[in-house]
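Work out the full structure, taking the sequences as your base and the hints as a guide.
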Amino acid sequence: MALDDVIKTTVTGPRVEEAMYRTLRWIDRCIEAHKRPHDQNLFGIVQGGLDPRLRDICVQGLVERNLPGYAIGGLSGGEDKNSL
Numbered sequence: 001m002a003l004d005d006v007i008k009t010t011v012t013g014p015r016v017e018e019a020m021y022r023t024l025r026w027i028d029r030c031i032e033a034h035k036r037p038h039d040q041n042l043f044g045i046v047q048g049g050l051d052p053r054l055r056d057i058c059v060q061g062l063v064e065r066n067l068p069g070y071a072i073g074g075l076s077g078g079e080d081k082n083s084l
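Be aware that the sequence shown starts at 1, since it is given in full-length UniProt numbering, and climbs by one per residue.
Calculated directly from the structure, the hints in this document are not laboratory data. Mixed in with the good hints, there may be bad ones.
Now the in silico label distances, taken between C-beta atoms and shown as ranges [to be verified]:
id	residue 1	residue 2	range
1	D39	E17	32 to 42 Å
2	E32	N82	31 to 41 Å
3	N82	R29	33 to 43 Å
No residue lacks a Cβ here, since even glycine has one placed at the ideal position from N, Cα and C.
Spelled out as structure tokens, the structure:
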């Protein structure tokens, strides 16, 4: 798994977008530093809080990087289960 900027899902506003874009910048740094792709997989983590638009931007950004796998991050942080 790459590094990601995890925030509580109950947070709203600019901090959520900042965390999502930071996560995308970090995956680029992780890809650059990843020296053993033949025997280690690097997965990207989808962030964006409960904002579908931000999650979609993050998913698209990760898919463009053609990673071997993806994880859904930033959930189970205090949100109401109906929000998922």
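Tested hints:
no.: 1; hint: D39 <-> E17: 32 to 42 Å; in the structure: holds (35 Å)
no.: 2; hint: E32 <-> N82: 31 to 41 Å; in the structure: holds (40 Å)
no.: 3; hint: N82 <-> R29: 33 to 43 Å; in the structure: holds (36 Å)
Violated hints for the displayed structure: none, as all numbered hints are satisfied.
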